[in-house]
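A.B. asks: Based on these hints, arrange chain A on the given structure of chain B.
Protein chains: 2
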Amino acid sequence: MMKKIGIVGGVGPYAGLDLNQKIFDNTITQGQDQDHLEVYLLSRSSDIGDRTTFLKNRHLPNPAAGIFRTIEKLDRIGAEVVGMPCNTAHATPIFSEVSQHMQKANLSCRFLHMIEETYRYLTEWKRIQPSLYQLGLLSTQGTYDVRIYPEFLEKDQTFSVLYPSSQGQQLAHEAVYTIKAHATPPREAQEKLQNTAEGLIQQGAQAILLGCTEIPLAFANQTEIHGVPLIDPTLILARSLIREAAPHLLKPINHSIY
Amino acid sequence: MMKKIGIVGGVGPYAGLDLNQKIFDNTITQGQDQDHLEVYLLSRSSDIGDRTTFLKNRHLPNPAAGIFRTIEKLDRIGAEVVGMPCNTAHATPIFSEVSQHMQKANLSCRFLHMIEETYRYLTEWKRIQPSLYQLGLLSTQGTYDVRIYPEFLEKDQTFSVLYPSSQGQQLAHEAVYTIKAHATPPREAQEKLQNTAEGLIQQGAQAILLGCTEIPLAFANQTEIHGVPLIDPTLILARSLIREAAPHLLKPINHSIY
Chain B
12 MMKKIGIVGG VGPYAGLDLN QKIFDNTITQ GQDQDHLEVY LLSRSSDIGD RTTFLKNRHL
72 PNPAAGIFRT IEKLDRIGAE VVGMPCNTAH ATPIFSEVSQ HMQKANLSCR FLHMIEETYR
132 YLTEWKRIQP SLYQLGLLST QGTYDVRIYP EFLEKDQTFS VLYPSSQGQQ LAHEAVYTIK
192 AHATPPREAQ EKLQNTAEGL IQQGAQAILL GCTEIPLAFA NQTEIHGVPL IDPTLILARS
252 LIREAAPHLL KPINHSIY
Chain A
12 MMKKIGIVGG VGPYAGLDLN QKIFDNTITQ GQDQDHLEVY LLSRSSDIGD RTTFLKNRHL
72 PNPAAGIFRT IEKLDRIGAE VVGMPCNTAH ATPIFSEVSQ HMQKANLSCR FLHMIEETYR
132 YLTEWKRIQP SLYQLGLLST QGTYDVRIYP EFLEKDQTFS VLYPSSQGQQ LAHEAVYTIK
192 AHATPPREAQ EKLQNTAEGL IQQGAQAILL GCTEIPLAFA NQTEIHGVPL IDPTLILARS
252 LIREAAPHLL KPINHSIY
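Sequence lines, in order, name chains B and A. Position in the first sequence counted from 1, then plus 11, gives you the numbering used here. Position in the second sequence counted from 1, then plus 11, gives you the numbering used here.
Treat the hints loosely; a few may be bogus.
It does not matter which identical chain is used: a pair holds within one copy or between any two.
Claimed, not checked - For lysine-lysine, the following BS3-like pairs were computed, each having C-alpha atoms within a straight-line distance of at most 30 Å:
#1 LYS84 <-> LYS166
#2 LYS84 <-> LYS67
#3 LYS67 <-> LYS262
#4 LYS262 <-> LYS115
#5 LYS137 <-> LYS67
#6 LYS137 <-> LYS84
#7 LYS262 <-> LYS84
#8 LYS115 <-> LYS137
#9 LYS67 <-> LYS166
#10 LYS115 <-> LYS15
#11 LYS84 <-> LYS115
#12 LYS84 <-> LYS15
#13 LYS115 <-> LYS166
#14 LYS115 <-> LYS67
It should be emphasised that the hints constitute simulated quantities derived from the structure, not laboratory data.
One chain only, chain B, in its complex shape (with noise of 0.2 Å):
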């Protein structure tokens, strides 16, 4: 039995598509339109507030209430399991909220957790490469100031999670913000994603997390950085909400680290 996707989008909005796009490319089909599994992606932005504006002023209106709305039209429809194309929102003041709202009102569908999902996918890479350790991470001010990845990736000390200098967080976090205001990731903010990525190499990264979902838009489909690996939540999330949905549709993993 399938069950229905469903994505919380509009968060933004291009990520959204990236994560929809991504399950279509990791679904295994015969060719046909109809062998796709039920996808249903709610963009609604103007319900969301930007995420590291609340994570910085908690006085703000936590962007939890909107992002529970949309799971609750996705519950609606049938969408049995959802996820959601945003490294910040997954922050905990913003995730548990959601997850309370969800239990008051008594939804059925099931929300996976993107960092959750990573940590699960790298400790299967880490089984077959036992030496991963240092892993650098992309992402906007407030991913990094949250701490989310150490706090899902550090936990039993499997990983540690490499910061880039305060310079490369600020370029890092620019970046994001200029690809979200262009329908083509603009070189400039191409480079200074690069910039900051070598300058994470240096400090020993033997792999990049790509982690915030707008991130991937401007690496297409490039896979690695100077032979170190670039590691896409979005891709792992497509991946899983497959997995969770119908597991014999997956397709196999294409690269060695997928």
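C.D. replies: Structure of chain A alone, referenced to chain B:
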């Protein structure tokens, strides 16, 4: 007041993403996620049978039923104006059945007709260029056979729709199904479409209608062939949906023909 946009997706899956992306691309924003319109994309491929197959054999179940169930879900979560990026599904034996279901169910959302919107756009263009008359059509065999484009575009003898040779029609049809089966349109499919378009230009086409929503995926950002403009009904539908939802947010046209 901004209306909420719904998309009947999954016909095909990538065409739904393409329409959704064109809505985002054609919306005026200040670069913030929150400036975007609400867009609901429901990909329900497995519930909507092949349109060409049904048009050839009317004893099969009408895909209208699954299209209606999708619109019913869109209506339930508040979509007010709906579009469907599948030309073949706009053939009267399918589209009129959907309309009847909607009337019976008393749905309040408005369902735009992509081919009528294309006619509307072309008549506006004809005001600027009165000589515009001969339009070459690239499409699936179902769309050719059921003559949707002549039905809508030749009324009042405003335009004449040119068809490729039967060999050209077959090439175009094959190309579409090749595109459906691949995440990235294969070069072979692009060449088939290019060759068929060149044949139409030799027949006197003043513009080429990309009359299947998979076809624009093969032409990427190409806007003309040998100086003859390509008309993309998916882009026209995206702009019509924004016009209905929030006309003040419709980007000025940056290409002479859109």
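A.B. asks: Each hint should be assessed against the structure and marked as holding or not.
C.D. replies: So, going through the hints one by one against the coordinates:
1. LYS84 <-> LYS166: Close neither inside one copy (34 Å) nor across copies (41 Å); limit 30 Å.
2. LYS84 <-> LYS67: Answer is within: at 28 Å inside a copy they meet the 30 Å cutoff, but 37 Å across does not.
3. LYS67 <-> LYS262: Neither. Shortest intra-copy (40 Å) and inter-copy (33 Å) distances fail the 30 Å Cα cut-off.
4. LYS262 <-> LYS115: neither (36 Å within a copy, 41 Å between copies)
5. LYS137 <-> LYS67: Classified as neither: same-chain Cα gap 34 Å, cross-chain 54 Å, threshold 30 Å.
6. LYS137 <-> LYS84: neither (38 Å within a copy, 43 Å between copies)
7. LYS262 <-> LYS84: both (29 Å within a copy, 29 Å between copies)
8. LYS115 <-> LYS137: Answer is neither; intra-copy 37 Å and inter-copy 57 Å both fail.
9. LYS67 <-> LYS166: within (24 Å within a copy, 59 Å between copies)
10. LYS115 <-> LYS15: This pair counts as both: shortest intra-copy Cα distance 22 Å, inter-copy 27 Å.
11. LYS84 <-> LYS115: both (15 Å within a copy, 24 Å between copies)
12. LYS84 <-> LYS15: both (13 Å within a copy, 13 Å between copies)
13. LYS115 <-> LYS166: within (29 Å within a copy, 57 Å between copies)
14. LYS115 <-> LYS67: within (27 Å within a copy, 51 Å between copies)
This entry does not satisfy hints 1, 3, 4, 5, 6, 8, going by the numbered hints stated previously.
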